[in-house]
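Protein chains: 2
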Amino acid sequence: MDSLVFVTGNEEKLAEAKSILTDFRIDSVVLDLPELQGDRELVVKEKARLAAKKLGMPCFVDDTSLCFSALKGLPGIYIREFLEKIGRDGLVKLLTGFDDKSAEAVCMIGFCYPNKEPICFEGITEGTIVNPRGDRFGWDPIFQPFGYKKTYAEMTIIEKNKISHRKKALIKFKKFLEKK
Amino acid sequence: MDSLVFVTGNEEKLAEAKSILTDFRIDSVVLDLPELQGDRELVVKEKARLAAKKLGMPCFVDDTSLCFSALKGLPGIYIREFLEKIGRDGLVKLLTGFDDKSAEAVCMIGFCYPNKEPICFEGITEGTIVNPRGDRFGWDPIFQPFGYKKTYAEMTIIEKNKISHRKKALIKFKKFLEKK
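Protein sequences, first through last, are from chains A and B. Just so you know, the first sequence maps onto residues 1336 to 1515 in this note's numbering. Just so you know, the second sequence maps onto residues 1336 to 1515 in this note's numbering.
What the hints contain is simulated information worked out from the structure, not anything from laboratory work.
In this list, chains with the same sequence are indistinguishable; a pair is considered to hold if it fits within one copy or across any two.
Pairs of lysine to aspartate or glutamate residues, derived as DMTMM-like cross-links and limited to a Cα-Cα distance of at most 20 Å, are as follows:
1. Lys1420 - Asp1434
2. Lys1420 - Asp1435
3. Lys1420 - Glu1376
4. Lys1507 - Glu1376
5. Lys1436 - Asp1424
6. Lys1507 - Asp1337
7. Lys1510 - Glu1457
8. Lys1509 - Asp1337
9. Lys1348 - Glu1494
The structure displayed is predicted, hence computed values, not measured ones.
Just chain A, same shape as in the assembly (with noise of 0.2 Å):
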């Protein structure tokens, strides 16, 4: 059985990554890596590239954007550092001024084996910024997937994780490794 390491802390990451990879032996590495501001793509792949060149072993990495429309993508990968400084209700008011709500949640994966080019794959779900709803971490309250009635936060987890934008990517990953 293949080994590929994910570089993660979180455990609710590996588990999903786990449930789906199944042919794979899954280890996770929690590693500190730079982040390079800039395109979505280059910056995962980056990490991945810096993962596998650290550890010598192939490696996957993901990164999470919460893009706005009506912010051309915004704040998209800096999403993490806007919801520690204004929080769930700072990330609703920054739209007060907009009349679209709509926004992407993007999971992308980059992977890397050492020395060689990094790829990457992309989920991507659709939905609205709406007031905070639902008692789960991070931006899950304020972010409603197109034809639900619940928010992330308000669906279980095995709900959410049916159409959240992670599975679609670690979906894209696991089609790229059974070609292998």
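Please build the complex by placing chain B on the supplied structure of chain A, with the hints as guidance.
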């Protein structure tokens, strides 16, 4: 006369630096340096470190932040990307839901000798985010310094440079160099 390299492609910035750091020969070089996410001090120090390593000469770089108080300092170092994507009007609209329209314009200069630890110098000008007035590049038309009735863009370059965030950082840098 000692030599310093200013990593910039901006002629106006170069002229301003030369006008203040008169005891040095200042050359400019355009380098495409990766920019990290995170704390503005660390970001500019890393850029200076990379530049000095690459060129093998004492180098300085500058980085500008526009920090909205209501957004706990954001967009901060990401201001260029915000400006490119949502423009001046979009930046003003970000604050529609917030009463506090105050902001800090920050210039951070990073300086590094090859293979030494980088240091930095910060200049801050406080002001208010207003509807665009005046006709100059960037976010100058939406930033009105405290105590003035003009935006940066309505001032002449000479007026602006007297009170600008970059000027303040350059003066600190000059004082440091004089002590060496």
